[in-house]
Structures are given as C-alpha cells and as structure tokens.
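A.B. asks: Line by line, the protein sequences give chains A and B.
Reading the first sequence from the start, the letters are residues 1 to 110 in the working numbering.
Reading the second sequence from the start, the letters are residues 1001 to 1111 in the working numbering.
Worth double-checking, as some hints may not be accurate.
[Claimed, not checked] Just the calculated beta-carbon pair ranges, DEER-fashion:
| id | chain 1 | residue 1 | chain 2 | residue 2 | range |
| --- | --- | --- | --- | --- | --- |
| 1 | B | 1040 | A | 26 | 15 to 25 Å |
| 2 | A | 29 | B | 1009 | 14 to 24 Å |
| 3 | B | 1080 | A | 94 | 29 to 39 Å |
| 4 | A | 110 | B | 1005 | 42 to 52 Å |
| 5 | B | 1054 | A | 76 | 19 to 29 Å |
| 6 | A | 40 | B | 1005 | 30 to 40 Å |
It is worth saying that the hints were derived from the structure and are not from the lab.
Every value quoted in this text rests on a predicted model; they were computed, and no experiment measured them.
Beta carbons: idealized from backbone N, C-alpha and C, even for Gly.
Listed below are the residues making up each chain.
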Amino acid sequence: EDQVTQSPEALRLQEGESSSLNCSYTVSGLRGLFWYRQDPGKGPEFLFTLYSAGEEKEKERLKATLTKKESFLHITAPKPEDSATYLCAVQAMRSYKYIFGTGTRLKVLA
Amino acid sequence: DSGVTQTPKHLITATGQRVTLRCSPRSGDLSVYWYQQSLDQGLQFLIQYYNGEERAKGNILERFSAQQFPDLHSELNLSSLELGDSALYFCASSLSGNEQFFGPGTRLTVL
C-alpha cells in the first residue's frame, strides 16, 4: 500500500537552530515527491518537486533531498516566519494518485 | 494569492443534504485537483481532472462526484452528507502536474 510517514509530528526550534524534517515513503513507482508549506487556515503552498534519488533542490533557507526511501527537508538558520506545517506528498507512477503525509508542525521561537 | 478561487468560503448544512463546491483554476492551468482535509486524517486526495477528463482517482466516496467543465472550472458534489464529511475542501490547479497551486478552501460543517 502506498504510504507517506512524516517525522517528527511537531518541532520547536530557536531562531537560527538548524534541523531536518523527515519524509519516509512507500510507493509503487515514484512519479514525484513534493514538499508543501501550509499556514493555519490556508491552502498548502508549493515548495519543491524531486523526481529521482540523489536529487537536491534549494530555496532560501530550505533544502530538500531525496533517496529511494525517504526525503529530508533541511532548514538552515530558521526564522520565526518559517513557522508552519510542512507537508510531504508522493505521486504514484501508474495510478497518478497523490498521497500526503500528516505533516510536521514547525515552530521557530525568536 | 495563488490565483485559484473557491466558493463558497463557508458552508453549513444538515445531515442528508447535498452541496456543490466550486473551483476556478489559475488562468492556463488544465488540471484541477480536489482534496479533503480533516484534523484526524490530514490531506486526502480525492480526484484529478485534466482538460475535462478524469485523470486520477483517490479516496473519493461514492456519495461524492466531480466534473470539470469546458471553461475548465470544476465542481465537487457531495450528497447524503454525514457528520464525518465536515472538513476543509481544497481545490488545486496546475499546468504540468509538477507544482500545484491551492485555493483558499471551503469549510464545510455538517450539523
């Protein structure tokens, strides 16, 4: 069964304290792995798409990496405005279905 | 602002009723996606349409149906509503499928 598991469920960081969020996945053929950011009461906002193991993408303080079993979202020197829920999703190759994880709630303290 | 619009913003109805949620995609986007987000189940993919045709189906109940019209807007119909259908319903659109742009959502409350 296709599945996405994110850890930790919640994370509190001090401003400037770097860390990583994990997304483990099981899918019958990976079409793509996606990271989104979601603020309370709003729709998710696209961050990255990764397609193959070894691929990396960066945007400001965020860097996403992909292996055959998991993806990491590295946050370097986070700021309070990085506080949000970060969602990971995979798209299955044959069915085109999207499977989302339950997210990591990140709180960055000033 | 993602460019995706959803109406209504809020909807309160009773069990057994039927409602229609509407989504207008970003200009030029051919794909529309529907998602359900509840506190206990996270974001669940329901269905995707591409240029009027169904492309992918997720965990969509038989009581739910959707369609995409020639002008590319989409509607999600929910019938025989149950208390458990209360959730945020998001629509998203994309051109290539690599990047989805989400609307602000419709909050459905079933009493």
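A.B. asks: Name the hints, by number, that the structure is in violation of.
C.D. replies: Numbers 2, 4, 5 and 6, in rising order.
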